[in-house]
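Asker: Residue-level listing of the chains:
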Amino acid sequence: MIDITEIEKLLKNKEKVNKIEFNIVLKNFLRKNVQKNNINDYIGDFPSFIEPVFLGKNIKIGNDVLLGPNVYIGDNSEIGDYSEISNSIILDNVKFGRLFKLNNCIVIGNSQFNFNNCSVEYCILMDNANSRENLNIKCFK
Amino acid sequence: MTERKEKNSERVIELESRRLARGKNRELIIKTHIEIQRNNEIIADNINKLLHEYNIKSFDIVGAIGAGKTAILENISHRLAQKYKMLVICGDITTRIDADRIEKENVDTIQINTGRECALNAYYIEKIIKNIDLNKYNLIFIENVGNLICPAEFLLGMDKRVIVVSVTEGEWVIEKHPLLFKTSDIVIINKIDLVERLGTNVDKMLNDAKKINPNIEIILTSAKNKEGIGNLISAMQL
Chain A
1 MIDITEIEKL
11 LKNKEKVNKI
21 EFNIVLKNFL
31 RKNVQKNNIN
41 DYIGDFPSFI
51 EPVFLGKNIK
61 IGNDVLLGPN
71 VYIGDNSEIG
81 DYSEISNSII
91 LDNVKFGRLF
101 KLNNCIVIGN
111 SQFNFNNCSV
121 EYCILMDNAN
131 SRENLNIKCF
141 K
Chain B
142 MTERKEKNSE
152 RVIELESRRL
162 ARGKNRELII
172 KTHIEIQRNN
182 EIIADNINKL
192 LHEYNIKSFD
202 IVGAIGAGKT
212 AILENISHRL
222 AQKYKMLVIC
232 GDITTRIDAD
242 RIEKENVDTI
252 QINTGRECAL
262 NAYYIEKIIK
272 NIDLNKYNLI
282 FIENVGNLIC
292 PAEFLLGMDK
302 RVIVVSVTEG
312 EWVIEKHPLL
322 FKTSDIVIIN
332 KIDLVERLGT
342 NVDKMLNDAK
352 KINPNIEIIL
362 TSAKNKEGIG
372 NLISAMQL
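Line by line, the protein sequences give chains A and B. Note that the numbering used here gives residue 39 to position 39 of the first sequence, counting from 1, and the numbers run on in steps of one. Add 141 to a position in the second sequence, counting from 1, and you land on the number used in the numbering used here.
Keep in mind that the hints are not guaranteed to be accurate.
What the hints assert, rightly or not - Only pairs whose alpha carbons sit at most 30 Å apart, straight line, appear in this in silico DSSO-like list of lysine-lysine:
| no. | chain 1 | residue 1 | chain 2 | residue 2 |
| --- | --- | --- | --- | --- |
| 1 | A | Lys141 | B | Lys271 |
| 2 | B | Lys277 | A | Lys32 |
| 3 | B | Lys323 | B | Lys351 |
| 4 | B | Lys226 | B | Lys165 |
| 5 | A | Lys36 | B | Lys190 |
Said to hold, decoys possible - Reference listing, derived: stretches of chain B covered by chain A, where coverage requires no fewer than 3 residues with Cβ under 8 Å from a Cβ of chain A:
| no. | region |
| --- | --- |
| 6 | 228-237 |
| 7 | 248-255 |
Just so you know, the hints here were simulated from the structure itself, not pulled from any lab data. Virtual Cβ for every residue (Gly too), placed ideally from N, Cα, C.
Chain B extracted, bound-state conformation (with noise of 0.2 Å):
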C-alpha cells in the first residue's frame, strides 16, 4: 500500500459524520460511504496517471473562506503565466468571482459551482479533464470550496496538495482541523504581515503543523505584499 493511500484508508476510519445513521441504515451508510470514497480515489487515481502521461503538474489548493487562496493563486499566475501553460480550476458553492480575478493574470480559468456541497471531488474533476485538450496545459491548479474540513474527504488526483491557512484565523486553526493537514504536502501561512498587529502566535502553527505531519513544508507569505511568493513557487518545484 502506497504512503497515500494509507492516509486514505486512515481518512475513512477517522470520518465520525456516519454517526448520525442509527439502527439499519448505520451498517449501509458506512458501507456506501466507503464505497463513494474508494471511488472516488479509484477516479483520483486515473486523472493523476492521465495528467502524467500529458507531463502535467498539478495542485490541489484548499483552505478556509478567506485565506488568501485566490491572492496566492492571482501571485502564482503572475509570476509563471509566461512560462507554464496553466489551467486554474475554482471551486465554489455560487459565483465565478475568483475564476474572474485570477484570469485578470492572463491563465485560462474553469469554475465549478457545487451549489450545496462543501468540497470538490474527483468526479467533477475528471467530468473537466476528459472534455478538454490536455495538449493545452503543463501546469494545473485547483482551488478547493473554502473550508477546512469537507475537502479532506475526496482527493482530486493532484501530484500535491497546498493549505493555506492565514494568521487572522488564529493560532489554533492548525491544531483544529488535523486531519485536512496530515493530508497535505505544503502549508501555507498567509498575512503574516497581519501578525505584530493581531499578535498570533506563529510559533504554534509551525510546531502543530510539524506535530500533525512532519513531512509538511511550510512556507510563510503576504500575498497582499507578494512576500514569500518566490518560496512557494520553488517548494512547488515550479
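Same shape as in the complex, but just chain A (with noise of 0.2 Å):
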C-alpha cells in the first residue's frame, strides 16, 4: 500500500504552501516509490520509458507516448495518445485525454479530465473536468 498522507496534507493546505514546499513532497514521494522501471504490467502500444518509472495495475497507455524520468502511475489509470509526463505522480483512477505534457506534477486520484493538449509543470490537478478553462488547477511559481 503506497502510503500518500503526505500528498493529501500538501492538498489540505494547497493555498498555503509555496513551490519548495510542494517540490519536497513531490521529489520524497517519487524518490521513496520510484527507483527503478517497474513497468511489467500495462495495456498499450509500446509507449517510450525513461527509467525510473512505476506503473501500477491496470495501467491504459495510449500511442506515442513517452513517461519518465521519475514518474509514478496508480493502478486503474489511463494516459492519452502523445502524453508525455517527467517528474510527476499520477495517483489511482486518473484518466486523461491526449496530448497531456506534465512535468512536475501531482494528478489526485479519482481525476478525469475529458479534454485534449494540456501543458503544465509544478502544478496539482484535481477532479473532473470537461475543458481545459474549467479544470481545478493549483499551479506553484
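Reassemble the complex: the two chains are provided individually, in unrelated frames, and hints are given to aid placement.
Answerer: As C-alpha cells, then:
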C-alpha cells in the first residue's frame, strides 16, 4: 500500500504552501516509491520509458506516449495518446485525454480530464473536467 | 561551420525515407524533418556544453544487435569503475537486460525503453541529464539501440561516437552502412577470436572503414576473451 499522507496534507494546505514545499513532497514521494523501472504490467502499444517509471496495476497507455524519468502512475489510470509525463505522480483511477504534457505535477486520484492538449509544470490537478477552462488546478510559481 | 555540423548537414541531405511522402505532403514532411533534426542538434550541442561544464567525458556506443556493445561496456566498466565515476545509459526497445548486466560491474545505469523507436535521440538524453546530479559522474556512456541505420540520424551530444561491429556480421557490414561510420570516431571490430573459423575478410572491413571515414580509429577486440580492451581504453583517452 502506497502512503499518500504527505500528498493529502499538501492538498489540504495547497493555498498556503509554496513551490519549494510542493517540490519537497513531490520529490520525496518519487524517491521513496520510484527507484527503478517497474513497467511489467500495462495495456498499450510500446510506449517509451525513461527510467525510473513505476506503473501500478491495470494501466492503459495510448500511442506514442513518453513516460519518465521519475514517474509514478497508480492503479487503473489511463494516459492519452501522444502524452508526455516526467517528474510526476498520477494517483489511482486517473484518466486524461491526448497530448497532456505534465512535468513536476501531482494528479489527485479519481480525476478525469475529458479533453486534449494540456501542458503544465509544478501543478496539482484534480477532480473532473471536460475542458481546460474548467480544470481544477493549483500551480506553484 | 564546424566539421561536425557539416557532417550533420550532409546527413540531412542523405536521408532517403522522406521519399515515401507524395504530393503536398512531401514539402511539409521534408520541412518538418529538417526542423526535427535541427532541434535534435541544438539539444545535443547543449548537452555537450553542459557535460563539459561538469568535466564529464562522454561516449555514444552504436552498433547492430549482437555486435557486442554490452559486452564491450561490461569490460570497460570492469576496468574503469574504480578510476571513474561512471554512468551508463542503455537504450533498448524494451527490457532492462543490458542495464542489469552492466550494473553488475559496479557502475550506475539508467535504462531507456524506446518502445517503437529505433534509436535514442538528444531529447531523451537531455531528460536524463537534467534530472540527475551531474556532480556524481565524470564519465558517461550511452549504449544506443541496436541497429546500424537509425542512430545515424540523431547525435546525442556525446564527445565521441564509437561504433561496434563484429566479424560475425560479415565483411560487407561496413560498406553497406556508410552513414554511421562517417559520423563515428572509433570503430571496434569485435569477436576477432572467431575470424579463423568464419573466414571473415577483416582487411576489407579495415579498408572500408578508412575509405568511408579516413579519420576513424580502428580497434580489434574480443570482448569475450577480454582482448583489445586496453587498446580501446587508450584510444578513448581514458
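Asker: For each hint, tell me whether it holds in the structure or not.
Answerer: Cross-check of the supplied hints:
For the given pair, lysine 141 of chain A sits about 19 Å from lysine 271 of chain B by alpha-carbon distance, which is consistent with the 30 Å threshold. Distance check on the hinted pair: lysine 277 of chain B and lysine 32 of chain A sit about 20 Å apart at the alpha-carbon level, within 30 Å; holds. The suggested pairing of lysine 323 of chain B with lysine 351 of chain B holds, with an alpha-carbon distance near 10 Å, which does not exceed 30 Å. Of the pairs offered as hints, the one joining lysine 226 of chain B and lysine 165 of chain B is violated, with about 51 Å between alpha carbons and a cut-off of 30 Å exceeded.
The suggested pairing of lysine 36 of chain A with lysine 190 of chain B holds, with an alpha-carbon distance near 28 Å, which does not exceed 30 Å. With 3 residues having a beta carbon nearer than 8 Å to a beta carbon of chain A, the region 228-237 of chain B meets the requirement of three or more and the stated coverage holds. Three residues within the 8 Å Cβ limit are the bar, and the region 248-255 of chain B against chain A gives 5, so the coverage statement holds.
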